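J.: Sequence:
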Amino acid sequence: FQGGACPRRFNVRSSLHRHIRLHTGFELSNCTMCDKRFIERPQYLKHALGHLSSPAFRCAYCLATRNSEVGDTPHVNAHETFKFLRMRAQKDDPGAMCVLFEVYREGLFNATRNLPTAFFWLRRAVKLGNARAMVYLGLIKCLGLFQEFGELPDRDLGAILLSRAASNHSVEATRYLSQCYKHGIGVPHDQKLAEELKSSAFALEAEHQP
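By the count of my numbering, the sequence shown reaches residue 224 at its end, each step adding exactly one.
For the record, the hints were derived by calculation from the structure and aren't laboratory data.
Quantities reported herein were computed from a predicted structural model and do not represent experimental measurements.
Incorrect hints may appear among the rest.
Below are the DSSO-like pairs computed for lysine-lysine, each with C-alpha atoms no more than 30 Å apart in a straight line [to be verified]:
1. Lys-196 / Lys-141
2. Lys-141 / Lys-60
3. Lys-212 / Lys-141
4. Lys-105 / Lys-141
FRET-style restraints, in silico, Cβ to Cβ [what the hints assert, rightly or not]:
5. Asp-170 / Gly-64: 18 to 26 Å
6. Gln-104 / Lys-206: 44 to 52 Å
7. Asn-25 / Leu-207: 45 to 53 Å
Glycine included, each C-beta is placed from N, C-alpha and C at the ideal position.
Please build the complete structure, drawing on both the sequences and the hints.
T.: Shown next as structure tokens:
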């Protein structure tokens with residue numbers, strides 16, 4: 015199958031239709047946080063959730079950064095780690111609350127996946143002023159994630175949360191807030207400020223590197 019003036023050919027008609035959308039822009043989903051474009055919404059949603067995933071996780075006991083998957087490790091087993099996180103969260107540790115958000119969202123450490131509980135801990139961490147929690151919830155509100163679970167999009171609130179986290183020198187919040195100003199998400203469109211925030215994010219990242 016071949017479409018219009020484009021020389022590309024496809025063996026399956028659905029692939030042709032998908033490719034045509036690249037030329038027409040029809041039903042494209044754009045990720046406003048990194049400017050990637052997606053032909054189908056499920057692809058976009060899968061990508062958008064990736065913005066909530068940390069590139070590494072920290073062991074709840076020794077805080078050593080590890081790049082393997084969360085679960086049983088040579089020095090900490092999943093059950094004990096889960097108990098430790100809940101104990102720390104109940105003592106108002108916002109860092110533990112953020113980790114519990116990821117634990118219940120993904121069903122890690124042998125926990126049952128439970129989004130209402132995940133958001134309970136996330137909102138508690140936001141109330142305590144945790145920058146990471148504000149980035150999480152800000153992205154969720156800006157990108158319209160978890161709507162199927164009753165989480166309503168609110169770009170104004172999302173931009174406010176990212177702005178608060180950025181004021182705490184969060185690299186991620188500063189980078190995402192730049193995208194908000196670039197696309198006018200919850201804030202007035204301001205290309206100059208977007209570029210300034212982007213530069214600030216690079217500078218902060220350089221400061222944080224060992």
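J.: Taking the hints in turn, state whether each one holds.
T.: Evaluation of the provided hints:
{"no.": "1", "hint": "Lys-196 / Lys-141", "in the structure": "holds, 28 Å"}
{"no.": "2", "hint": "Lys-141 / Lys-60", "in the structure": "holds, 28 Å"}
{"no.": "3", "hint": "Lys-212 / Lys-141", "in the structure": "holds, 27 Å"}
{"no.": "4", "hint": "Lys-105 / Lys-141", "in the structure": "holds, 14 Å"}
{"no.": "5", "hint": "Asp-170 / Gly-64: 18 to 26 Å", "in the structure": "holds, 24 Å"}
{"no.": "6", "hint": "Gln-104 / Lys-206: 44 to 52 Å", "in the structure": "holds, 45 Å"}
{"no.": "7", "hint": "Asn-25 / Leu-207: 45 to 53 Å", "in the structure": "holds, 48 Å"}
Of the numbered hints given earlier, the model fails none.
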